[in-house]
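Novice: Work out the full structure: start from the sequences and follow the hints.
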Amino acid sequence: MTIWTDIIILGLVLTNFRLLATSRLGAVIQTTIFQAIALSALILALAGKPLPVRLILLSLITLTVKGVILPWLLKRAMREIDVRRDIMPIVGYSASVLIGIVLLGLSFLIFMPLNEAIKSESVFLLPAALFTILTGLMMIISRKKALTQIVGYLVMENGVYCFGAALAVYEPMLVEMGVLLDVFVAVFVMGITIYQISREFDHIDTDRLSELKD
Amino acid sequence: MTSMFLLLSSLFILFSGGITALFLGGKEKAAYRTGVISCLAGAVLAVISAGMVMWTGTEESIRLAWQVPFGSFYLAVDPLSAFFVITISLVSGLASIYGSEYLHTYRKKKNLGAAWCYFNILFASMLLVVVSRNGILFLFAWEAMSFSSFFLVMFEHEKSKVREAGWIYLVAAHVGQACLMFMFIILGSQNNSLDFDKFIAPSGIAGVVFILAAIGFGTKAGFLPLHVWLPDAHPAAPSHVSAVMSGVMIKTGIYGLIRIVSLIGAPALWWGYTLLIIGAVSGVIGVLLALSQHDIKRLLAYHSVENIGIITIGLGLWLIGVSSNNYIIAVMGLMGGLLHVLNHALFKSLLFLGVGSVVHFTGTREMDLMGGLMKKMPLTAFAFGIGSAAICGLPPLNGFVSEFIIYLGAFNAMAGAHPFSGQILGGLIAVIALGLIGGLAAACFTKVFGTVFLGSFRSNEPEKSHENMGPMVWVMIIFAACCIVLGLLGPVAVKFIEPVAAQFLDVSRVSEVSKMLCSLLFKVSLGGTVLIVISVMLWSFRKLALMRRTNRFSPTWDCGYLVPTSRMQYTSSSFAWPIVGMFRWILGPKVHSKIDKGYFPGSAALSTQTSDVFRKWFYTPLFKLVIESAHRVHKLQEGRNQLYVLYIAVTILVLLLVKVR
Amino acid sequence: MNILISILHILLALILSPLLFGVINRTKARFAGRKGQPLLQSYYDLIKLLRKGSVYSTTTTWVFRLGPVAGLGAALLCIMIIPSGGISGLFSFSGDFILMIYLMGVARFLTVTAAMDTGSAFEGMGASRELQFSVIAEIVLLLGMSVLAIGTGETGISRIYADVWGSDVSLLGPVIFIVAFAFMIVLLTENSRIPVDDPNTHLELTMIHEVMVLDHGGIDLAFIEYGASLKLWIFCELMTGIAIPLRTGQPFYDIPINVIGIFIVAVLVGIIESSMARLKLLNVPQLLITALSLTVAALFWLLRGIL
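Note that the protein sequences, when read in sequence, are chains A, B and C. To convert, note that position 207 of the first sequence is 207 in the numbering used here; the numbers rise steadily by one, no gaps. To convert, note that position 104 of the second sequence is 318 in the numbering used here; the numbers rise steadily by one, no gaps. To convert, note that position 68 of the third sequence is 943 in the numbering used here; the numbers rise steadily by one, no gaps.
Quick caveat, the hints were computed from the structure, so don't treat them as lab data. These figures come from a predicted structure and were not determined experimentally. Wrong hints could be hidden among the right ones.
Unchecked claim - Under the rule of at most 30 Å between Cα atoms (straight-line distance), these lysine-lysine pairs were calculated in the BS3-like manner:
1) C:Lys910 - C:Lys923
2) B:Lys804 - C:Lys1155
3) B:Lys373 - B:Lys324
4) B:Lys589 - C:Lys927
5) C:Lys1155 - B:Lys811
6) A:Lys144 - B:Lys241
7) B:Lys709 - B:Lys729
8) B:Lys838 - B:Lys804
9) B:Lys324 - B:Lys590
10) B:Lys243 - B:Lys324
11) B:Lys808 - C:Lys1155
12) B:Lys811 - B:Lys243
13) B:Lys757 - C:Lys927
14) B:Lys838 - B:Lys849
15) C:Lys923 - B:Lys757
16) B:Lys830 - B:Lys804
17) B:Lys757 - B:Lys590
18) B:Lys322 - B:Lys373
19) B:Lys375 - B:Lys808
20) B:Lys849 - B:Lys830
21) B:Lys375 - B:Lys830
22) B:Lys375 - B:Lys838
23) B:Lys243 - B:Lys322
24) A:Lys75 - C:Lys1155
25) B:Lys709 - B:Lys737
26) B:Lys811 - B:Lys757
27) C:Lys1155 - A:Lys144
As the list claims (entries may be wrong) - Simulated restraints on C-beta separations:
28) B:Asp720 - C:Ile1139: 47 to 55 Å
29) B:Lys373 - A:Arg18: 38 to 46 Å
30) C:Ile1139 - B:Arg763: 36 to 44 Å
31) A:Leu106 - B:Asp509: 37 to 45 Å
32) C:Ile1139 - A:Ile61: 34 to 42 Å
33) B:Leu477 - A:Ala27: 56 to 64 Å
Cβ atoms here follow ideal geometry from the backbone N, Cα and C, with glycine treated the same way.
Specialist: Shown next, in the form of structure tokens:
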């Protein structure tokens, strides 16, 4: 079923571009839902024909946590603090997309020699995972609103998850669950923090945080 | 031997004509006639001689002893030289006819005898550059070329701008010359001879020779970032000289590069990529810089950088093809590049000449002040329009033919190649660069053509009511006709340069590829003809249909704005601004705006200006550094005799110590 | 036989292309809850315009009259080059798409100069925007064709489109869809549809393509309109030729399938126009850069798959 795996991975790559290209927080959060769907489908596509129950379970949990709960939390935070757009980012949107292209090329290049060493299902899986991580980093670096940065963190975790997915077919899902829980808590905490920040300062521009230094 | 004889007599006529014109300086009419007639005679003889070589495809040479150490008077005409001889003679000959009318304005004000002398020497030295086969002779010709063009640039030396341009040009030319000298020394050191046929690149440092050649010849050709002299020198020179300089003189750099690369053995892959990237960068940034100019001659000068870029992309593909054994790419790259040399010579000369007429007519080089010249100078406008479309590479004109061949080489590099051979990337770079150049050039030339010739005049109308139907116009029409004919006769053009490509690549493969190209270009020409036929049919349909109907004339629809003036037309700067703004991260344009705040603003002013990024960020700091360090050295020269004697004493002492020991 | 089929598909294009506007308008009307214009409205418009006299601006010269004529001529030649799905164009050779893209350049060059010839500030503005967007759109087209050329190992558009679903589908399949998506964005840009340009707008300051042809009327306008519909048809062919994986090899099935595909694209354009707002002009390059990035992503994907 390598063609389906490829298509799912391609979908994941494209969602990353959407994350880099859009300024709307709503669209950003929506895209993470797509990523969650892609990830949970990826687990199933990577598994062999008799689907192991634990993988189905993992896929379902992924979908619930990443595709339902976290977006819901983020949406709520967005509503609470009433921010719709991440305007005036540090790196412009066109530039972000172009940088994204470069990052994608680099990801492909980096994994070129490792292709033989890592017996993964698809040659695109590991580069796509790295690209997702880099996209997350890019979002954290280049955007101003705390909410976008949290999504960046989430996207980065999706990349790590994608790496894990290459192994999850063989390994127990304990590690995965641990990571999931981590993110869950982290996003939760951050959500609360943002809420508090915005209540104190009336905005969530992180570059203003540097004023707190002394 | 006849062709060699013809060539030598052509050179002789040019030199002697030039010298005679110089001495006849006082008698303007005579000097004039001598200059033009010797130019024409030289051009005709050179074209015949080169044509014979192209026809037979055999090399002819002559070798005479020369008293200069390592020098010999060694000339040879092979197809490559012949091709360049034809290009140079065609453009220079026609430009001299144009100049015969153009220089009339300067009568009694300038020494026109000297101007013709330098023009003849420039022409002759260009011919000598492409036929000389000895390092010393080559450098001599190269220097003569640089100096004669320097004097021509300084024609209006009373203007400070012109002087500055001249000095920059001189410095740049000598930086290039130094690299070339060094390169020849390396090449000649093995055999103790500077004759081209005895050159051997010492093993291991062929790459160094290549880089020296790229810098040395690239300075003349205008590779980025060595192009700084171009945008200043071309506007400063009289227009027919700019046409020659931009149309053919900078191509001698391309000639030299091809010649040297063919002499130093099998090329490495990275040479090809170096040229390809230089070409892509020169092309794209050249056209971007052109787009952001207001001065029409400066704009054209930047377009020379762009077209040199296109040619270099072709050469890059050639080397990539050779080094990775893909002969289709190699032949197409070389042929496309060479053909673009000829095509660019034609349309760029045409454009410079057209601009010369326009500047002559309006008395300004500022595009934002012109407009509506189509009605006053219809023939110039027509020729200029053809040239503009040709430089954008639009079918069915000649620019498309050469760009098409390079594109085809690039697509073949991608489609047919085994991915590991590293050609795909080359093809991609070429396609992206050519596509970007094409789109931007179209924007640039619609801007030029639109703001200069179309609409209505933007400032006080020039008094003259129509153009002179003199030689200036006819020369432009001839160039325009060449652009159309070469565009429709693509296969003939390929056949024409086939012997040149066959000189560097396997003959059977060249003929195979050129046969393929001929059949493809035949279809392209067919398409061009169909386009013309359809357009003519539609035009006549419209004409016929409108014959019996009411046809009215009224002012342009002004969208409800009252009394629009011609100052309200879109200017060239505003036309270019969206694209310049899109690329502001490269160009760094400056915007000066002065707008009254308040409810009823009285006056507003907005001006934009784009300076050369390389000059601003690279050369200015560099030369500042040089000047500062020079100031430090300056302390050694205090002006006291005692100190100088001390220096001499110390030097003698040190020399004695070193030598005697 | 093959030539006859190619001619048949050209005839279909010549006859059916104005219908595309009808379909788009009908779709938009349905979405807005209106009944909409007659499907054949663009034909009526063309006939009406062809019967009119002329009004020319006193500022203009022959350049102004050449624009529509040569623009339509270039579009007609492009129609001869473009293949219909797997069916080769009448005029096909290696590198023909380069000629096609440059022919569009010819049309653009002459339309823009015609607009500049009127001396109207508005038309100059539209012209400059048109050129700005076409710079990136052209690159997207060329890159998309490069991707397909690498994937199929061919250099002529007819051969590329014939082979595109023939070779390694598992590798090329996903790539093709990205390219088709990028081509869709180019289609919207080049044919001045929402979200790039609004063909129905009535404020000259905001228009792009329409403002360039403000001063044309009568037969000239008819040429322009017809040329525009042919151009839309060409871009629809570019899209459907790769996006429809269904190839029977029988021209009598393939041609109808492709024509249906073209009208589906028209409906899609209608849906996009009804559901999206027009972008700010400053954001249009961003859209095009996204299309460019998608093609490059497709390219990387393909290269990674081949190597």
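Novice: Compare the structure with each hint and give your call.
Specialist: Going through the hints against the structure:
1. C:Lys910 - C:Lys923: holds, 22 Å
2. B:Lys804 - C:Lys1155: holds, 24 Å
3. B:Lys373 - B:Lys324: holds, 14 Å
4. B:Lys589 - C:Lys927: holds, 27 Å
5. C:Lys1155 - B:Lys811: Distance ~25 Å between C:Lys1155 and B:Lys811 Cα, so the pair holds.
6. A:Lys144 - B:Lys241: Violated, at about 76 Å.
7. B:Lys709 - B:Lys729: holds, 9 Å
8. B:Lys838 - B:Lys804: holds, 23 Å
9. B:Lys324 - B:Lys590: holds, 29 Å
10. B:Lys243 - B:Lys324: holds, 13 Å
11. B:Lys808 - C:Lys1155: OK: B:Lys808 and C:Lys1155 at ~26 Å, within 30 Å.
12. B:Lys811 - B:Lys243: violated, 61 Å
13. B:Lys757 - C:Lys927: holds, 13 Å
14. B:Lys838 - B:Lys849: Cα-Cα ~17 Å, so holds.
15. C:Lys923 - B:Lys757: Since the Cα atoms of C:Lys923 and B:Lys757 sit roughly 17 Å apart, the hinted pair holds (cutoff 30 Å).
16. B:Lys830 - B:Lys804: holds, 13 Å
17. B:Lys757 - B:Lys590: holds, 24 Å
18. B:Lys322 - B:Lys373: holds, 18 Å
19. B:Lys375 - B:Lys808: holds, 28 Å
20. B:Lys849 - B:Lys830: Satisfied, since the Cα-Cα distance of roughly 29 Å is no more than 30 Å.
21. B:Lys375 - B:Lys830: With Cα atoms ~17 Å apart, B:Lys375 and B:Lys830 stay inside 30 Å; holds.
22. B:Lys375 - B:Lys838: Given that 30 Å is the threshold and the Cα spacing comes to 20 Å, the pair holds.
23. B:Lys243 - B:Lys322: holds, 11 Å
24. A:Lys75 - C:Lys1155: The given pair, whose Cα atoms are some 26 Å apart, holds under the 30 Å limit.
25. B:Lys709 - B:Lys737: holds, 15 Å
26. B:Lys811 - B:Lys757: violated, 52 Å
27. C:Lys1155 - A:Lys144: holds, 22 Å
28. B:Asp720 - C:Ile1139: 47 to 55 Å: Once the Cβ atoms are compared, 51 Å apart, the range 47 to 55 Å for C:Ile1139 and B:Asp720 holds.
29. B:Lys373 - A:Arg18: 38 to 46 Å: Once the Cβ atoms are compared, 56 Å apart, the range 38 to 46 Å for A:Arg18 and B:Lys373 is violated.
30. C:Ile1139 - B:Arg763: 36 to 44 Å: holds, 40 Å
31. A:Leu106 - B:Asp509: 37 to 45 Å: holds, 42 Å
32. C:Ile1139 - A:Ile61: 34 to 42 Å: holds, 39 Å
33. B:Leu477 - A:Ala27: 56 to 64 Å: The hinted range 56 to 64 Å holds for B:Leu477 and A:Ala27, with Cβ atoms some 60 Å apart.
Of the numbered hints given earlier, the model fails hints 6, 12, 26 and 29; all others are met.
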